[in-house]
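**Student:** Make a model of the complete structure from these sequences and hints.
Chain by chain, the residues run as shown.
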Amino acid sequence: MLPIGHYLFLGLALFIIGVIGVVTRRNVIVILMSIELILNAVNINLVAFSRLYGDVAGQVFALFIIADAAAEAAVGLGIIIAFFRNRETVLEDEMDLLKW
Amino acid sequence: MADEPKEKQPSPVPAGDKPASSPAAIPPPKPAAAAPTGVTPPRPAVPVPPKPPVQLQTPLNNELVGRIRAKFGPVLVEAIEDRKQAILTVECGKLAEVAQYLRDEEKFDLLSDLTAVDWPKREKRLDVVLNLYSFAKNERLRVKARAADGEQVPSVAGVWPTANWLEREAFDMFGIVFTGHPNLTRILLPDEWQGYPLRKDYDIIEQDTSWVKDNLGIESGQ
Amino acid sequence: MLDQVIFYFFAAIAVISAILTVTRRNVVHSAIFLITALLATAGIFLQLRAEFLFIVQIILYVGGIMVLFVFVIMLVNLDVAVRQLRFARQKWVALLISLALAAQVGLMLWSTGKMPGQGVPVLAAVPADKLPLNSEAVAKSLFETYLLPFEIASVLLLVAMIGAVVMAKKRT
Amino acid sequence: MQAVTQATLEFVKQYWAPLVCGLVIVGVLPLIVGYVVLVERKIMADMQARLGPMRVGPHGLLQPIADAVKLLIKEDIIPEDADKLVFWLAPVLSVAAALLAIAGLAIGPAFQIAKDVNIGILFVVGVSAMGIFGIVLGGWASNSHYSLIGALRSSAQLVSYETAAGMALVCGLLFAGSLNITSIVQAQYDQGVWFGLLAPVAFFTYLVASIAETNRAPFDLPEAESELVAGYMTEFSGFRWSLYFLAEYTNMIVVASVATTLFLGGWLRPFPRTTWLSFIDFFPPLLMVGIGVYCLMRTPKQPVRVQQTFMLAVAGLCFAVALVLVAPMLVPAVKPLHDGILGAFWFIFKVSLYIYFFMWLRFTLPRYRFDQLMRLGWHFLIPLSIINVLLIGIAMIVGTYFHLQGWSLLLTTSPASIIALIIALFILATEQKSEPQKSSAAPDSYA
Amino acid sequence: MAMDTTTDSRDKQQTLLGADELVLNMGPQHPSTHGVLRVKLKLDGERVIGSECMIGYLHRGVEKIAEHRTYQQFAPYVDRMDYVAAVSNGLGYCEAIEKLLMVEAPPRAKVIRTILTELQRIASHLLWLGTHALDIGALTPLFYCFREREEILKIFEKYCGARLTTHAFRIGGLQYDAYDTLEKDVERFCKAFEPRIKDYEDLLTQNRIWLGRTKGVGILTAADAIALGATGPVLRASGVKWDIRKAMPYAAYDQYKFEIPVGSTGDTYDRYMVRMEEMRQSRLICLQAIENIPTGPILAKVGKVLKPPPGEVYHAIEAPKGELGYYVISDGTVQPYRVRIRPPSFVNLQAFDKMARGHLVADVVAIIGTLDIVLGEVDR
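Protein chains in written order, with our numbering: chain A, 440 to 539; chain B, 2 to 223; chain C, 3 to 174; chain D, 41 to 487; chain E, 393 to 772.
Since the hints were derived computationally from the structure, they do not count as laboratory data. Note that this is a predicted model, so its numbers are computed, not measured. Think of the CB as a built atom: it goes at the ideal place given N, C-alpha and C, for glycine as much as any other residue.
Okay, derived cross-link-like pairs now, DMTMM-like style, lysine to aspartate or glutamate, Cα gap no bigger than 20 Å in a straight line:
#, chain 1, residue 1, chain 2, residue 2
1, C, Lys171, D, Asp411
2, B, Lys95, B, Glu106
3, B, Lys201, E, Asp723
4, E, Lys456, B, Asp192
5, E, Lys546, E, Glu579
6, D, Lys82, D, Asp107
Partner residues are not named here, just some residues of chain E that face chain B (Cβ under 7 Å, in silico):
#, residue
7, Gly448
8, His451
9, Lys456
10, Ala619
11, Leu620
12, Gly621
13, Gly703
14, Tyr706
15, Gly717
16, Arg730
17, Arg732
18, Val739
**Tutor:** In C-alpha cells form, the structure reads like this:
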C-alpha cells in the first residue's frame with residue numbers, strides 16, 4: 440500500500456465533495472447520494488487503517504457502515520416516494536410542510 | 002341433443018338474470034334457410050326452379066304483433082313478413098321504448114345487429130334497422146325506424162350495450178344522430194372525415210379525386 | 003510502482019466522479035457518476051487487499067443500493083426536476099463551510115505529518131503476504147468479536163425494511 | 041512518464057497470461073455466443089417440427105457470422121428524445137459486466153483467468169449482477185413507455201430473484217466452506233458427491249432463480265415480445281442491440297457455470313472418487329467419436345459438394361478432439377494434462393446441458409405474468425431457500441456430530457431436503473387457496 | 393384514404409392523469425394486437441383502469457363496394473373480411489343471396505359446403521390457438537398449429553386452387569365438384585388430427601403457468617356477454633348454449649350429430665377449452681359428412697344474371713368467430729341495394745373494455761388473443 444496519507448487525503452476529498460453536495464443541492468435524491476459519498480469516504484479511511492495495522496476490525500466497521508447506508512437509503516427513498524406521491528416534488532426547499 | 006328436429010329449441014342455458022320465458026304460444030316465424038326436411042340423398046337431378054310469388058311482402062298479424070299493437074298503438078307503423086322474416090316498423094321517436102319492451106317482455110335479449118339503410122327518394126330517407134334475436138323463443142325479429150335526415154333517433158345503447166359501437170358505426174356511415182348515446186364519435190373513419198359514405202348520394206370517386214388533388218397535388222387516375 | 007498507478011487511477015476516477023455526481027443537473031447522470039465513484043472506491047479497497055469488502059461494495063452498494071436509487075429516480079417524475087434550479091440559495095455559505103472544514107482537516111493532517119510528500123517516515127504497513135485470508139478473517143472477526151454489533155445491524159436493517167415498506171406503501 | 045511505462049511493464053510481466061486470456065475472451069466469446077444462438081435456433085426448430093436456419097453455410101452453420109455482419113452494418117438509430125450519453129453507455133455497461141464475470145470462472149483446473157481469487161464465486165455473482173444497470177439505464181434512456189416498463193420490470197425481477205439465488209448459493213457454500221472456485225470443486229472431490237445431490241432443493245432454487253436472472257422464458261417479462269414489444273431493447277438496433285444480446289447469452293453461460301461449479305461438481309466427472317467407475321473417463325472421447333461417425337454417415341447424403349466437404353471437416357474435427365481427449369490416458373508423456381483436458385470437457389459438457397435445459401423450458405412453457413412472477417419469487421422461492429439454508433445448516437451440524445462424509449451425508453441432508461420440499465408444497469397449497477380472486481371492481485361502464 | 397391522420401384529434405381527449413397513471417398506446421404496430429388494432433390503455437402502474445379500442449385502420453368500405461357490384465361480383469370480396477376463415481364468409485354470403493332469390497342449393501353442394509366450412513373452422517381455431525399461445529409466451533404450439541392448418545389449406549387448394557381467400561362457393565351451390573380424393577384427404581386429416589389436439593392439450597391444458605395466465609382473466613358473465621352482443625365461442629364460454637348451427641340450421645348441419653361445448657365462468661381458460669372442443673366436434677362433423685356425400689348436381693338453376701325480387705333478408709351463420717350475419721336488400725336490379733355485414737369480431741371486440749379493466753398489461757394481450765378478432769373483419 441501507499442503511505443496512509445494518500446488514502447486519508449482521498450477520503451477527505453470525497454467527504455468534502457459529499458458535504459458540498461448535501462448542503463447545496465436541492466434535489467433530495469442527490470442529497471441522499473451525497474450522503475452515500477460521505478459514508479464511502481469514511482469507509483476508505485477505515486479500510487486504509489485496517490490495512491495499515493493488519494487488523495480486519497476496520498473492515499468489519501466498514502461493513503457495518505455499508506449496512507447502515509443500505510438502511511438509510513431504503514428509508515430515505517421510501518420517504519421520498521411517499522412525499523412525491525403527496526406533493527409531486529423532490530426538492531428539499533419545497534419540503535416545507537411544517538411551515539404551514 | 003344431437004340431431005333434434007330443427008324447430009325444437011336448443012334449450013339455451015338461461016342467460017344470466019334473464020329466466021327462460023314461458024313458451025310463448027306464437028308460431029315463430031320460420032327461421033333461417035328453409036332447409037330440406039330430411040335426408041333424401043338421391044334426389045331428382047333437377048331441383049325445382051324457384052317460382053317467385055308476385056307479392057313477397059305480406060302483412061304480418063301474429064300474436065306478437067297483436068301485443069305490441071295493443072301496447073303501443075299507432076307507434077307500430079307497419080308489420081310485414083318478407084321471405085318468412087318478421088319486420089316491424091315503428092315510429093322513430095319511440096324506438097327506445099319499443100326496444101325496452103321487446104327486450105324485457107318479449108325476451109329479445111340479443112341485439113344481433115344495428116344498421117341503417119338510405120332511401121334518398123323517400124321523405125324520411127333513413128331506415129334504422131335492428132336485428133333482434135330471442136334465445137328463449139329461438140326467433141329473429143327485425144325492427145325498423147324511419148328517420149329523416151338530421152332527425153334525432155333515441156339510442157338503444159341503454160337497452161343493449163352492444164348498440165354502442167353499432168350506433169357509432171351507423172353514425173359514422175350514415176350520419177344518424179342517436180340521442181342519449183354515451184360517446185357518439187366516428188369509429189371506423191377518421192374523425193375529420195367529411196360526409197357519410199354509405200349514403201346513396203355519397204360519390205366515392207368524387208371524394209377520392211378531390212382527396213388526391215388536395216393531399217397529393219396530382220390528378221387522380223380514377 | 004504498480005500500486006501507485008492503480009491507486010492514482012482509482013482515486014482520480016473517484017474524485018472526478020464524485021464532483022460530477024454533485025454537479026450534474028440530470029439525476030440519472032448523477033446516479034451513474036455515483037456508481038462510478040463507488041466502483042472506483044471498490045477498486046481502492048481491492049488495492050488495499052480488502053477483497054471481501056470489495057465484493058460487498060459491489061454487490062451491496064452498486065448492485066443493491068444504487069439499483070434502488072435508480073429505481074426511485076425513474077418512479078418520480080424526472081422531467082420536472084431537470085428544469086429546476088440546481089443549487090439551493092445557500093450555496094456560498096455552504097461552500098464556505100466546507101472549505102473551512104477542508105482547511106481544518108487538512109491542517110490537522112499537515113500538523114501530524116501524514117500529508118503525502120512530507121518526507122516524514124510513515125508507519126509501514128503489514129506486508130501483504132502476512133495478511134490472513136481476507137474473507138475468513140473478516141468472518142472470524144465479525145462473528146466472534148463483533149457478534150453483538152452484527153446482530154444490532156441486522157435488527158437495524160429489519161427496522162429499515164419495515165420502515166421503507168410502510169413509507170412507500172400506498173395509502174388506500 | 042518513465043514511471044508509468046515501468047509500471048505497465050511490471051504489470052504485463054506479472055499478469056501476461058490473464059491479459060491474453062482476457063483478450064481471447066473478448067475476441068472469441070461473441071463467436072461462441074453466436075453459435076449458442078445458432079444451436080438454440082436449431083434446437084427450437086427441432087422441437088417445433090421444422091429445420092431452422094439452413095441457408096447460410098451448410099446446415100446454416102455460418103448463420104452467426106451472417107447475423108453479426110448484418111447487425112454491424114445496420115443503421116444505428118438513436119431516438120430523438122433519448123438521453124444520448126446513457127443510451128450509449130447502457131449496452132456497453134451490460135456487456136462489460138457480463139464479460140468481466142467470465143474472468144472469475146474456471147473452466148477446468150487448468151483454465152482460469154483470475155486464479156485463486158479468495159472471493160471467487162462472489163466476484164462472479166456480484167459483477168454479473170451489475171449488468172442490471174445496463175438494462176435499467178438503457179430502458180430509461182430510450183424515453184419510451186415500453187422500454188421503461190421493461191426496465192423497471194427487469195430491475196424488480198433481478199433484485200427479487202437474486203435473493204433466492206444467493207440463498208441457494210449459501211447452501212452450496214456451506215458444504216464447500218470456501219468462496220474460492222478451486223476449493224469448491226476440490227471440496228466436492230473430497231466428499232465424492234456433488235453438492236447438487238446433497239442439496240437438491242438449493243439446486244432447484246438456483247435453477248429457477250438463474251432463469252429469472254437471465255431474463256429467459258418463462259421469466260422473460262422484461263423483453264416479453266407480446267406485451268412490451270422488446271422491453272428495454274425496443275429502441276435499440278444494430279450494434280447496440282447485439283451488445284445486449286451478447287450480454288444476455290454471456291450471462292446465461294455465467295449462471296450455468298456457477299451452477300456447474302457449485303452444484304454439479306465443476307470439472308469433475310460423475311462419481312469422481314469411485315475408482316471402479318473410472319471407465320467414465322472414456323465417455324468424452326467416445327462421444328466425440330460418435331458424433332464424428334454420425335457426421336461421416338451423413339456426408340454422402342448432403343446434396344451439395346461444399347456441404348459434403350464441410351461435413352467431412354466437422355467429422356475430422358470431432359476425431360481430432362477425441363484424440364486430444366484420449367491422449368492423456370494412453371500416452372504417458374501428456375499424462376499430467378489429464379485433469380485439465382478432461383476437466384474442461386466435463387465442465388463444458390455440464391454447462392451445455394444446463395443451457396439446453398434453459399432452451400427446453402423456453403420452447404415449452406408459456407410466460408408468467410408479472411404479479412405471478414413476483415409472487416413466485418417472494419412467496420415461494422425466497423421462503424423456501426431461507427428454510428433450506430437453515431435445514432441444511434442443521435443437517436451439516438448433525439453430520440459433523442456423527443462424522444458423516446461423502447455419500448453418507450445424504451443421511452442428514454436428504455431429510456432436510458424432504459422437509460424443505462414439504463414446506464414448499466405446503467406454501468404452494470396455501471398460496472393457491474389464498475390466491476385473491478380477481479375482483480374486477482372496475483367501474484361498470486361500457487363507454 | 394386519410395388513414396394517417398386518424399389519431400390526432402382523439403389524442404386531445406386525454407384526461408388529466410394522476411401521479412401513478414400512465415397512458416400506454418398499444419398498436420397499431422404492436423406484435424400482439426393481431427393486425428392494426430390500436431388500444432389506448434390507461435394504466436395505474438401496470439393495472440388497466442380504462443381502455444379504448446381504436447379501429448378502422450383496415451377499413452376498405454366493403455359495404456359500399458357491394459352496392460357497385462353485381463351479386464356474383466361481390467362474392468370474392470367477402471373472403472377478404474375474415475381472411476383466416478374465408479370459406480365461412482363465402483358460405484354466409486351465398487346462402488343469404490340464395491334466400492333472397494328463394495332458391496336452394498342441391499344436397500350434394502350443401503354437404504360439401506359443410507365439410508369445407510368445418511375444415512375452415514378448424515383452421516381458424518388453429519390459427520387462433522397458435523397466436524394466442526404465442527401471446528401468452530408459449531412459442532411452440534404456433535408451429536404445430538400451422539403444420540395442421542397447412543393440411544387443411546392443401547385440401548382447399550386441391551378443391552378450388554386457392555388457399556386463403558378461396559371463393560369456394562357460388563350462389564346457388566358450388567362452382568367445382570369435389571375432387572376425387574376429397575373424402576380420403578379429409579379422412580386422413582381427421583384421423584391424424586385427433587392425436588395432434590391431444591398434443592396441444594398436453595402442452596397447455598394442465599400447465600400451471602397457462603392456468604395462471606388464463607384462469608380468471610377476462611371474465612365475461614353470461615348476462616354481460618348477451619348484453620354486449622358477444623356470439624360464438626365467446627358467448628358459449630360464458631355458459632350460453634347457443635350455436636346457430638343447432639338453433640337455426642343451415643347448409644347440411646341438421647343431418648349431423650355434434651355437441652355444443654359450453655364453459656361456465658366465461659374466463660379466458662373457458663374460451664380456450666370451448667374452442668378446443670369445437671375443433672374436435674368439427675372433426676366429427678367432417679367424418680360424418682364424408683361418410684355419405686349425396687350424388688347429384690352441385691349448382692341450382694339460378695341463371696347467369698341474378699335479379700332477386702325486391703325485398704330484404706337477414707341470414708346469419710355460425711362463423712368460427714361468432715354470428716356472421718348478412719343483411720341484404722334487393723331492389724330488383726343486378727346489384728344489391730344494400731349489403732350489411734354483421735361482423736362477429738367487431739361486436740365481440742366491444743367486450744374488450746369490460747374484460748380488461750382491473751387486469752394487468754400482460755392480461756390485455758391474453759384478452760385480445762382470446763377474443764379471436766381479425767381486423768379485416770372488424771374494420772371491413
